[in-house]
Amino acid sequence: MRAGILALTALLLLFVAFPLATLLFKSFQDSTGRLVGLANYQRYFMTPTLVASLWNSLAVAVLATAIVVPLAFLYAYGLTRTCLPAKRLLVALALLPLFAPSLLPAISLIYIFGNQGFLKGWLFGASIYGPFGIVLAQVFYCFPHALMILTTAFSLADGRLYEAAAAMGTGRWRVFRTITLPGVRYGLISALFVVFTLVITDFGIAKVIGGQFNVLATDAYKQVVGQQNFEMGAVVGFLLLVPAALAFVLDRHVQRRQVALLSARAVPFEPRAHAGKDLGMLAYCVVVGGLIAAVLAVAVWGSFVTYWPYNLSLTLKNYDFETFEPNAAGPYFASLKMATLAAVAGTTVIFCGAYLIEKGRGLRALRTLAHLIAMLPMAVPGLVLGLGYVFFINAPWNPLGILYGSILLLAINSIAHFYTTAHVTALTALKQLDGEFEAVSASLKVPFYRTFVRVTLPICLPAILDIAIYLFVNALTTVSAVVFLYGASSKLASISIVHMDEAGATAAAAAMATLIVATALAVKLLHLILEQHVFAKLQAWRKR
Amino acid sequence: MQSLERADAVEEARAEAGRAGPPHLSLMGIVKRFGAFSALEDVSLAVAPGKLVCFLGPSGCGKTTLLRVIAGLETQDAGTIMIGGLNVSRLPPAQRDFGIVFQSYALFPNLTVAQNVGYGLVNRRKRRAEIKARVAEMLNLVGLTEHGAKYPIQLSGGQQQRVALARALATSPSLLLLDEPLSALDARVRVHLREEIKALQRRLGVTTIMVTHDQEEALALADEIVVMNRGRVEQIGTPTEIYNAPATAFIADFVGEMNMLDATILAANRIRVGALTLSSAHAEARTPGERVQVGLRPEDVRIRGLGPGAPNTLAVRVTSLDFLGAFWRAALKVENDPELVLRSDFSINAMRDLNIHVGQSLMISLPPEALRVFARAGA
Chain A
1 MRAGILALTA LLLLFVAFPL ATLLFKSFQD STGRLVGLAN YQRYFMTPTL
51 VASLWNSLAV AVLATAIVVP LAFLYAYGLT RTCLPAKRLL VALALLPLFA
101 PSLLPAISLI YIFGNQGFLK GWLFGASIYG PFGIVLAQVF YCFPHALMIL
151 TTAFSLADGR LYEAAAAMGT GRWRVFRTIT LPGVRYGLIS ALFVVFTLVI
201 TDFGIAKVIG GQFNVLATDA YKQVVGQQNF EMGAVVGFLL LVPAALAFVL
251 DRHVQRRQVA LLSARAVPFE PRAHAGKDLG MLAYCVVVGG LIAAVLAVAV
301 WGSFVTYWPY NLSLTLKNYD FETFEPNAAG PYFASLKMAT LAAVAGTTVI
351 FCGAYLIEKG RGLRALRTLA HLIAMLPMAV PGLVLGLGYV FFINAPWNPL
401 GILYGSILLL AINSIAHFYT TAHVTALTAL KQLDGEFEAV SASLKVPFYR
451 TFVRVTLPIC LPAILDIAIY LFVNALTTVS AVVFLYGASS KLASISIVHM
501 DEAGATAAAA AMATLIVATA LAVKLLHLIL EQHVFAKLQA WRKR
Chain B
1 MQSLERADAV EEARAEAGRA GPPHLSLMGI VKRFGAFSAL EDVSLAVAPG
51 KLVCFLGPSG CGKTTLLRVI AGLETQDAGT IMIGGLNVSR LPPAQRDFGI
101 VFQSYALFPN LTVAQNVGYG LVNRRKRRAE IKARVAEMLN LVGLTEHGAK
151 YPIQLSGGQQ QRVALARALA TSPSLLLLDE PLSALDARVR VHLREEIKAL
201 QRRLGVTTIM VTHDQEEALA LADEIVVMNR GRVEQIGTPT EIYNAPATAF
251 IADFVGEMNM LDATILAANR IRVGALTLSS AHAEARTPGE RVQVGLRPED
301 VRIRGLGPGA PNTLAVRVTS LDFLGAFWRA ALKVENDPEL VLRSDFSINA
351 MRDLNIHVGQ SLMISLPPEA LRVFARAGA
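Which chain is which? The protein sequence lines are A and B, in order.
Its first residue numbered 1, the first sequence is counted upward by one per residue in this note's numbering.
Its first residue numbered 1, the second sequence is counted upward by one per residue in this note's numbering.
Keep in mind that the hints were calculated from the coordinates and are not lab data.
Backbone N, C-alpha and C fix where the C-beta goes; we use that ideal spot for every residue, glycine too.
Possibly wrong hints are sitting among the right ones.
[Unchecked claim] Some but not every residue of chain A turned toward chain B, in silico, with C-beta under 10 Å:
1) Ala167
2) Met168
3) Asp434
4) Gly435
5) Ser443
6) Arg454
7) Pro458
8) Leu538
9) Trp541
10) Arg542
[Unchecked claim] Straight-line C-alpha distance at most 27 Å; calculated DSSO-like pairs for lysine-lysine:
11) Lys126(B) / Lys445(A)
12) Lys132(B) / Lys431(A)
13) Lys317(A) / Lys431(A)
14) Lys537(A) / Lys431(A)
15) Lys445(A) / Lys132(B)
16) Lys150(B) / Lys543(A)
17) Lys150(B) / Lys445(A)
Use the sequences and the hints to build the structure in full.
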């Protein structure tokens, strides 16, 4: 067990902590490697164009957050507090953007509002390329993230509070103001921070639809890939880290003040049917959910269109990637390989790691350190982590340099990037096990790994599968981190989409994106089916 | 003052145990601290083989910590632990010979009852048939033969407890540790199950240590009780010793009901309680003028057969009566000292025969041997 804890800590240090530290140090160095203190930062703030991107990023993030969160708030309210029909369908619609790279809504918007867009007139002369497009695309992309947080917050309702209010004859608005709203306060704050961080650090959307509008993410790309100015790239990376880390710290601070809303005596809240409210919310949800699905569907449709907008007949020619991409469908299979590797290796490392941290004995300081490092990635944008990897892995003294450009490194990066959520999921599942299983095992002279295989794994199987799917889908659709790390043989689908879009082959880009979405959805569907039928049998011991 | 009484009691118990042969479990000078908080302070005791010993005390007294130290689940800061003559102080739990049942039972929910019971046996590379036979034997022992194929979630609390017991005993450990095994059960089941545990322990003759905060349970089950308070052992003795001759005021008050009264020693065997002067059989070793506490059990108050020579007679008035099913609990206000209110238990018979009601005046007698004297806390 001790060996495991040591190995885990070493891995986390190597692939999470050190890259970040290297990034930080790099921003204080000049091109020869000498420490120059804050000189790079000074140069940054004295360059008007660079500073402008900082303001641009902030503006776009604030605007997008201000639009998305209220929309998601209402949607979540409708899903949890009214008696809507077809709730599952509405949830599925709203979660669709999770299965697509962030670029997909951007491509769709180009089809709709771009130079050849069929709704171009609606813009009254303004261009979709620029801040407007970015904000709009981000709204679609971030909606499911905000929705998930808010539905969780809304569903943590104690029915007794509402019963008590009803017994005292409280008016509906007052109930909303004094019971509902305070109850979801922390979920709301969490959603605000999460969306803000997502928008300010996103690369894909800004690249595709940003036009001349510079943001921090595209700046980092230009400095590092375009100008080979690593030090400036590090400065931008660090500046990207600040709002994300700040949001993370503030969110944790706020969460600490959240009192447990559900005690053991709480009664689950049952919404009561109310024709007017239900119908109103249904209309809203259908419109919003439908819009989300429609926007994504446009890109899918566009991938089958021969020559937009002149020849709208359907064809499969856009899927013949050879014309646009030197490696034909290679990037798609590379993505598939990478995502599978990330899912399998990642789930193993993360779950075993969580087990060692939670149930391990001894080496307490190391276990705490490992846990802290595991919580870091949540505050680190993918782009920043990717940059950190470039500097750390590629450093001349680093033997891991041979990994650069390989699928393995991309997988490791993805695992590191999405580590925290998976780690917390594993911990939550493990905490639900009786704390004395290991003690019982020891008293019966059964080694702990036997109990791990016979008891812990089967009980935690649903959580393990959730983690695997989470890692797979996210690794498949991620853009930001991999844009710095791919090599000739490991070009991923998301990079290919960016390149094809740059080259003007929008339809082919849409086609590749559609492939990604289809794969992600197919895997998720497989998961759901397996869960229902196969694993139901294996989990028979849960039923009375 | 109190520590002397305690040390004497412990020494006596140890001597007693020594006469019966070498102890199966012995602890010497166990100390356990969590930061600045001292959970166990210089705990020493010995358990004879085949005995059922209860660790009894209020929440936070350290009894569960002590059990976990014996099991090796917590490491002591100082002291030695010997099990079966072997020094296990530094050994991990897997190398100590014991079985354990936790308050939550910790049954493996994804394994059947039979698989749970056989869990420790599978590892010892016994043959399938042997394991099956042993599991059947254990299930029979705890009365769950037909439930072998069920999952824990399908069993009641009492049944789950018995599975946990069977699992712990299946490997024939020499020491059985029970951590509040009955707390999670409702009253009826608890009483029934505790008799079963006692019978099982007698039958198998396995040395058992049980942690409980329920003094009724300890009195009913234990061959010996170790009363703990704030990390220290206050007294070790048989149930009757603990009940009839509590070493300290804490024990007197914790085990059973007790009227605790402030008093002053007047002379050998004479004490003053409030405005009353009483004779006590326990005040010889005290100095006059010493401030003490006097304990009187409610059931020791006599109201019948009070002849002219009855000791410590008092005139009282009944101020309240509580019906507790098997008996009545009365509050008696002493006429000569209205500040003094004694709790007294009257049987149904006495109530009926003497027609006791609220407001009635009575004569009561307090036997001198029932007035126990303790050092006053903080004195």
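Evaluated hints:
1. Here the hint on Ala167(A) is broken, as its CB sits about 31 Å from the closest CB of chain B, past 10 Å.
2. The beta carbon of Met168(A) comes no nearer than 35 Å to any beta carbon in chain B, farther than 10 Å, and the hint placing it at the interface is violated.
3. With a cut of 10 Å, the hint placing Asp434(A) at the interface with chain B holds, because the nearest CB-to-CB distance is about 5 Å.
4. Because the closest C-beta pair between Gly435(A) and chain B is about 8 Å apart, less than 10 Å, the hint holds.
5. Nearest Cβ of chain B to the Cβ of Ser443(A): about 5 Å, under the 10 Å cut. The hint holds.
6. Hint status for Arg454(A) relative to chain B: holds, with the closest Cβ pair at about 7 Å, below 10 Å.
7. A cut of 10 Å between beta carbons decides the hint on Pro458(A): the least distance to chain B is about 5 Å, and the hint holds.
8. Hint on Leu538(A) holds. Least Cβ distance to chain B is approximately 9 Å, under the 10 Å limit.
9. Evaluation of the Trp541(A) hint against chain B yields a held restraint, the C-beta minimum of about 4 Å falling below 10 Å.
10. Nearest Cβ of chain B to the Cβ of Arg542(A): about 7 Å, under the 10 Å cut. The hint holds.
11. For the proposed pair Lys126(B) and Lys445(A), the alpha carbon gap of about 14 Å is at most 27 Å, so the pair holds.
12. For the given pair, Lys132(B) sits about 32 Å from Lys431(A) by alpha-carbon distance, which is inconsistent with the 27 Å threshold.
13. For the hint pairing Lys317(A) with Lys431(A), the CA-to-CA distance comes to about 52 Å; that exceeds 27 Å, so the pair is violated.
14. For the proposed pair Lys537(A) and Lys431(A), the alpha carbon gap of about 24 Å is at most 27 Å, so the pair holds.
15. For the hint linking Lys445(A) to Lys132(B), the alpha-carbon distance of about 19 Å falls within 27 Å, and the restraint holds.
16. For the given pair, Lys150(B) sits about 11 Å from Lys543(A) by alpha-carbon distance, which is consistent with the 27 Å threshold.
17. Of the pairs offered as hints, the one joining Lys150(B) and Lys445(A) holds, with about 24 Å between alpha carbons and a cut-off of 27 Å not exceeded.
Against the hints set out earlier in the document, violations occur for numbers 1, 2, 12, 13.
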